[in-house]
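*Asks:* Sequence:
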Amino acid sequence: MRQIWKPFRALYFASLMMLIGSGLLSTYLALRLAADHVDSLWVGALMAANYFGLVLGGKIGHRLIARVGHIRAYSACAGIVGAAVLGHGLVDWLPAWIVLRMIVGLGMMCQYMVIESWLNEQADAKQRGVVFSGYMIASYLGLVLGQLILVMHPALGLELLMLVALCFALCLVPVALTRRIHPAPLRPAPMEPRFFIKRVPQSLTTVLGSGLIVGSFYGLAPLYASQQGLTTEQVGLFMGCCIFAGLLVQWPLGWLSDRYDRALLIRCFALALAVCALPLAIWSQVPLEVLFVAGFCCSLVQFCLYPLAVAFSNDHVEGDRRVSLTAMLLVTYGVGASIGPLVAGVLMKLYGSQMLYGFFALFALVLVWRIRPKAVTNLHQVDDAPLHHVAMPDNMTSSPLVACLDPRVDEQVVQDQMQASPNPDVEPEPEPELEPVTEGADDEPPSSDFTQARP
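FYI, the numbering for the sequence shown is 1 to 455, going by the UniProt record's numbering.
It should be emphasised that the hints constitute simulated quantities derived from the structure, not laboratory data.
Take the hints with a grain of salt, since some may be wrong.
As the list claims (entries may be wrong) - In silico DSS-like cross-links for lysine-lysine, where the CA-CA straight-line distance does not exceed 27 Å:
#	residue 1	residue 2
1	LYS6	LYS198
2	LYS126	LYS6
3	LYS198	LYS59
Whenever a hint applies, use it, and build me the whole structure from the sequences.
*Replies:* Given below as structure tokens:
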């Protein structure tokens, strides 16, 4: 294991520093606005802008890399993100903060794309699962450490913004000093939304619901904890505890996912989330012990939804479409994560901070209603289903290029569909019209030649 991870430590360090900065920035801004008694709607809007920037960056990043190369693109985006972070300390106008948050999200998505394409270039086909796990651990660990910084430095001054900018400056070092050649430019495969809405509607519904819930959690949970009377140090511990639960649950989740029906597991975890969130949704003031225990339990189940949906969808999609499926799932998640903080912010403003977990419980019950294991016909289930479950982050700490690291996606398919195009400005051909039906419908999917598509 050590010999496998050793060649990737520089890229893992870059990811770690990026996520420390990103995690700290999100919590800092929420607590800073809470201290200034700003409406929760603005806090939600800031997180929504960040996720919108991430989705937009998925469309722009590959073109920038194709034009100037990986190192230049990564360096430029790290510099822009660092400047945008410091801009929060220079300007107090909230609409300007929304623009800055969108710029941070856009720049970080380009950085994710550079790191993932480089990891793919260096990883042997048999090592991709281990490399992917290391990338996920670095992502979650960075988010946890970002929260723990608040425990050591609870003052909400400009020093924390400087520390975030410092993290983005340090993440430049391993990439800028690399002696390796540029990896071959990769591009996201074209999405086929109509086809996937027809083929895997329940998986897409789960991914959308997960985006609504987890996006709201990262943006508004610090505000909720602050309004429950927690100090800055306690908020940092609460957020770190909840995010660590997301990392902790991934391995037992994989054991369950490989042995039980995945649609049934999604429904059970959604019901468990509704039950765990109910005490926090009902009580306007929650005892500290109950808050930490219930928050930890909610995180255990809410971070299960996206990986289960990815595994469930891969079971019903042919290998040559899994690259496009990855891009579709990430965009669907990003749409949910952009909408969720706005809706939850409005509810918190109108009905109190406890409505954040009321929002979680509501959409968890929607998933219980919409995910129906008996509606899965299995007509398009792949021969080797269920595919091996792969632990992965679900907080948009990855780009559409993450498909090249997923061991469920054949390496040759990745190379065939994601090679650089000589003309990156040509758009893909539109997909044929398809009517949405339930998972495993018996209509034959249209043929599609991905190798002829253009980004």
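*Asks:* Flag every earlier hint the structure violates by its number, smallest first.
*Replies:* 1
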